[in-house]
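Heads up: the sequence shown at position 33 corresponds to 33 in the UniProt record's numbering, and the numbers run straight through without jumps.
Everything labelled a hint here was simulated from the structure, so no lab data went into it.
The reader is advised that the hints may include incorrect statements.
Taking lysine-lysine and the DSSO-like style, the derived pairs with C-alpha atoms no more than 27 Å apart in a straight line are [unchecked claim]: (1) Lys297 to Lys218; (2) Lys218 to Lys304; (3) Lys148 to Lys297.
Pair ranges (Cβ atoms, derived) [unchecked claim]: (4) Thr282 to Leu99: 49 to 57 Å; (5) Pro137 to Asp262: 41 to 49 Å; (6) Leu280 to Pro17: 41 to 49 Å; (7) Ser290 to Gln84: 16 to 24 Å; (8) Ala55 to Arg169: 19 to 27 Å; (9) Pro17 to Ser319: 24 to 32 Å.
In this text, a Cβ means the ideal position worked out from N, Cα and C, and glycines have one as well.
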Amino acid sequence: MCKPLITIALSVYNVEPYLRQSLETIVNQTYKNLEILCIDDCSKDKTFDILQEYAQKYDRIKVVKQPKNQGLSISRNRAIEMAQGEYILMLDGDDLFALDMIEKAYKKVLETEADLVMWDYCTFYKDEDLSQLLRKPSELIGFNTTNKIALLKRPAFMWVKLIRTQVLREYNIHFPEGLTKQDIPVWWHLVTVLDKIVVLPERLSYYRQNPFNTTSRKDRSVYSLAYVMDITGEYLKKSNLYAIYKDEYLRSRLSLLHGMYDYIKLELQPDAMQMIRERLDTDAIAYINSPACALSKRTNLFYKGYMMGNLLAKLQYDSLMLARTIYRKIKV
């Protein structure tokens, strides 16, 4: 039986130090019927040169250079438009991948006729031994994919998901432009419209943690946490799905908003606080005070102490933050 074409959409920007290693784990996949679509977001280093070098060696590789730096979302949206594969997998050019990742994912497709297959990952640092990390059992063992709330609690990362390309086009799913954390509204859209999502309980993607990742920045880009949840809420309401997913949406939104405040640079915290206040509507307040509230203790104390004027909660929150600061200093 002829295996279908699968598109790997590799979005890259200034990843020269890591790109060759990443490409080696892509071109050497055991599944061979691949279209490797590499989109360079106008890199300033030798990223584009490396892509061209590999394109000359492997005819499966197509290289596209964006006319100017426009961000990951636009690169991914362009890949969705260009993809010729029946399935698409969106990867980043500084990560690594098990050589049998796509083979195993496609086997799941054959077994289940899934529209989306997702697998597990591990995070590694520059010189870390991956073999040690891979000994840890997958968190997806025994995972129930019929539970959509449980699915929504999983990381939204697109680089652990093989998706039927037609699904993205049929439902007009696009990544919001100009934002980081753009995977979040896309994941919510996919989970709420698809019934054929299956898991592959193995760690097959290896996420490189380095200081230059957009996920490691503490500047105004962290505000994207607020904006992507705004987009998600608008989608749910427009699709008449808000009532169904209300509690999980509020839990996720409130957690991310607090995370935004907690993570951002100290000088930007007043602006972050104002953004949170603007989004603390009656539904959010009711959720925080309800028995169904599933926020972490620290996040709950933050809202009750800093947003609702509960002095005891504020003191408890400040004590927790002080203890965390002391612990981190001791640990270093």
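| Which hint numbers doesn't this structure obey? | 5, 7, 9
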